[in-house]
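Position chain H relative to chain B; hints supplied.
Keeping their order, the protein sequence lines are chains B and H.
Throughout the first sequence, residue numbering follows this note's numbering, covering -1 to 485 in sequence.
Throughout the second sequence, residue numbering follows this note's numbering, covering -1 to 485 in sequence.
Think of the hints as simulated: they come from the structure by calculation, not from any bench.
One or more of the hints may lead you astray.
One copy or two, it doesn't matter: identical chains are merged, so the pair holds either way.
Keeping only pairs whose Cα atoms sit at most 25 Å apart, straight-line, the calculated SDA-like set for lysine to any residue is [to be verified]:
1) Lys24 / Ser332
2) Lys467 / Ile483
3) Lys24 / Arg76
4) Lys245 / Arg8
5) Lys467 / Leu484
6) Lys467 / Leu289
7) Lys467 / Pro83
Protein chains: 2
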Amino acid sequence: MTLHDTSDDRVDQIIDRAGRASAQWKRTAIADRARALDAVADALDQHADELIPIAQRETHLAEARLRGELRRTSFQLRMFAEMLPEGLWLDVRIDHADADWPMGAPRPDLRRQLGPIGTTLVFAASNFPFAFSVAGGDTASALAAGNAVVLKAHHGHPELSDATTDVVVAALAGAGAPEGLFQTIHGTDAGVRALRAPGAKAAAFTGSVRGGRALFDIAVSRPEPIPFYGELGSTNPAFVTRRAAEKDASGIARDFVASVTGSAGQLCTKPGVLFVPAGSGIVAELEAQQLPAATSLLNGGIESGFRDSVAATRAVDGVRTLTAGADDGSDAPSPVLFAASSETLRADIHTLMSEMFGPAALVVTYDDESELLEFADLLEGQLTATIIGEDDDEIAVDLLPQLTERAGRVLWNQWPTGVSVTWAQQHGGPYPATTAVGSTSVGMAAITRFLRPVAYQNVPQGLLPDALKEGNPLGIVRRVDGILILP
Amino acid sequence: MTLHDTSDDRVDQIIDRAGRASAQWKRTAIADRARALDAVADALDQHADELIPIAQRETHLAEARLRGELRRTSFQLRMFAEMLPEGLWLDVRIDHADADWPMGAPRPDLRRQLGPIGTTLVFAASNFPFAFSVAGGDTASALAAGNAVVLKAHHGHPELSDATTDVVVAALAGAGAPEGLFQTIHGTDAGVRALRAPGAKAAAFTGSVRGGRALFDIAVSRPEPIPFYGELGSTNPAFVTRRAAEKDASGIARDFVASVTGSAGQLCTKPGVLFVPAGSGIVAELEAQQLPAATSLLNGGIESGFRDSVAATRAVDGVRTLTAGADDGSDAPSPVLFAASSETLRADIHTLMSEMFGPAALVVTYDDESELLEFADLLEGQLTATIIGEDDDEIAVDLLPQLTERAGRVLWNQWPTGVSVTWAQQHGGPYPATTAVGSTSVGMAAITRFLRPVAYQNVPQGLLPDALKEGNPLGIVRRVDGILILP
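Bound-form chain B, shown alone (with noise of 0.2 Å):
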């Protein structure tokens, strides 16, 4: 426990004190709730001048690269204010009562609705200061759905983290925010310790599989199960058939290496393993390459992963150095492909398909295209999965629904990384990419895990919330006796 961590009784306040704004961000106006999303997202875009340079300083990511992020960041407030008015996401279903309803006896008056499941705890990412961090997109989703949030702040960037949550606490409070509706917590234990709180009931976390796993461990393990959406880990396999290596061997070698190296190959997202025909012309374009020089990475515990991860891949027997990015002279880890032979993987699949978080990737060698197949059915879960082909390659109709049984996103011809914010977009997998294989992480449908569905049965008018009232107050989307009704 460092000074900065937050202590034991200070954790218990910080939780009783968002249950309490929880209870009153529930019951204001939607609407409310919308200007809000939007007062921090103003506020986020007015203070850049001053978190960039902290953000720079503790992640030793590019200006240009978090300027980005923290657009991003502010976008998808935005967008999730934009979203809250139409009302589908409330999921309101109105059953009138029904003596003749066929079931065999009468059916009661019945609304339902899904409304915000409690106070949520979020744990930070290291990765994405800003998107994946205090104000990204698991905190935008919780308060967006109707729930405080306590942040567990990534220790990687704690100086960001609280000059964030300050812009964060000052605009909700603008916006006429309860108090306590976003607190920050620092340090292992009390992310534990909220974690294990009553008073905690749903819990976000992006990050390393042996983390989530740990964390999400405690969530079920507590007499009140709480769900944990923990993005944990992904090496977001990508599939070169041979017609589309020999149209353009080059143009692949020079995207696959920009989408390893961006960002120096920290995201989550990051196509660890390319397979390509043997002999295509691939390899040959991709030991020309130009590797970006050494780099440091966003942490000293990043970095030592980073290091132990390539030795393991490098150690595996027929595994061969393809190219690597210049040594600085410093203690900063080198950009790095390896190559091997669809044999060596096959000798030793876990090692070799374990992620690398870093800027690193092997590029493995098929002799025949039904080889993809045969791997695309050995995957683990992955947030991606990725086919470069031509589209009358006949591979791709089995490849393709394959590909869906063991990832949350296939993409066609275009690079995983650059997750973009959308309606449609979806971020999470099969576990171990995602410990919830029906979430996402990213994109409008994040709103729906921080959710839970209550029914209210022959209540009268008065005693309804407003999205469940007879002439549709709130203006929404809803079901009506069956039917799908837009206002």
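Structure of chain H alone, referenced to chain B:
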């Protein structure tokens, strides 16, 4: 292990076969899936006269109740079939590529839909040998979602389980469904083995807190944790306001007794605790009620559990027996109502608010209506909570929203038993009522438990599933570029 139990080898074969059937069923057109569900419903109705006598013999439930339950069972299969074509349950989102996406980077073409989660393991309940058993709600929603089902039969009605399985399997085969789409296993060990099998991708359960939590713990401790939808237990408190009690003490007493003793109290929504104002006359009315005579419960385990929970309640200092059903001279347990003051409840709330599964309930007398808020705040998670009140009762303004924090369904002047199958039904609440607070096991929203999202990025039309193609060939509800569009 009895002779009837499914062997380990056989369980493994069944899971493998289910995996193959799941893959095929997933590719089956939605309209054909709907026809198969209808075929099962028709077959169940046609075999009623064969199935009902077996159910009577194995469960001791009355014929009329069982016939009603079977009608409900075929009804919910048909309702899922009817729901499928509209397609909102697929949650289709199509974002066309947009070079000017305000996030700061171009938006790719992204298309997302929900699809089947994979082989689903369903643990049947004892108390609804049709509606929450072989062809019950969990099976119906898992099949509707596109998954194969492996059904762990309840040991309380093994013959009925096999007879119903034969009907379901024949109907599915007749409708052209893949072989192995629905299979039944017997025995606790077989159920645990299936739950641990890598091929099982989700599980659903209705039963006791102890049994459900044990299975939940197994599901979340797997190397690959899977979602476990357990509907466990509930006390279903009902709160009578002073004015309601003054208005109709005898009607309340009569309806409460009917709700407590119907199906011998063996319903998850039986109102187990009734709060009534001291001196209101309801207690006297209840004392005067004629309870049904002693009756055999579902099976020996249920009977002994009932006796134990009744004995624990009776043993609490200050609890008195209000009225009991006549002893029929057999070993069968008698219905019983207990009474206690709110002070007695406070002294041992854990025992007195525990579920007594069977024909028993506790009546708690309160002095001041504000005590209702106090006890509402102390509740564990509930399937239901009920207010018997007058429309302008001031206490309801606070009590009703407070109950929505603790229960999945709140009722006004109706009793919680008799869970209608409708669009808006919600059967599930905070733990221990349910292990997954965001879910329901009854009603049309039950299908969402067995789905997972997949996004397709930049995928050519010819490789997209029909739901995501331009031109909307399935004619379903979709969200296109953020706008919800009805076909």
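Hints, verified against the model:
Taking CA atoms no more than 25 Å apart as the test, Lys24 paired with Ser332 passes in neither setting, with 49 Å inside one copy and 45 Å between copies. In this homomeric assembly, Lys467 and Ile483 come within 25 Å of each other (Cα to Cα) both inside a single copy, at 14 Å, and across copies, at 24 Å. Taking the shortest alpha-carbon separations for Lys24 and Arg76, only the intra-copy value of 19 Å comes in at or below 25 Å, while the best inter-copy value is 37 Å. Neither within a single protomer nor between protomers do Lys245 and Arg8 lie at most 25 Å apart by alpha-carbon distance, with minima of 61 Å and 50 Å respectively.
For the identical chains of this complex, Lys467 and Leu484 are neighbours both inside a copy (15 Å) and across copies (23 Å), given an alpha-carbon limit of 25 Å. Taking the shortest Cα distances, Lys467 and Leu289 never come within 25 Å of each other, neither inside one copy (61 Å) nor across copies (39 Å). For a Cα distance limit of 25 Å, the shortest separation of Lys467 from Pro83 inside one copy, 16 Å, qualifies, whereas the shortest one across copies, 28 Å, does not.
In this structure, the hints that do not hold are numbers 1, 4, 6, in rising order.
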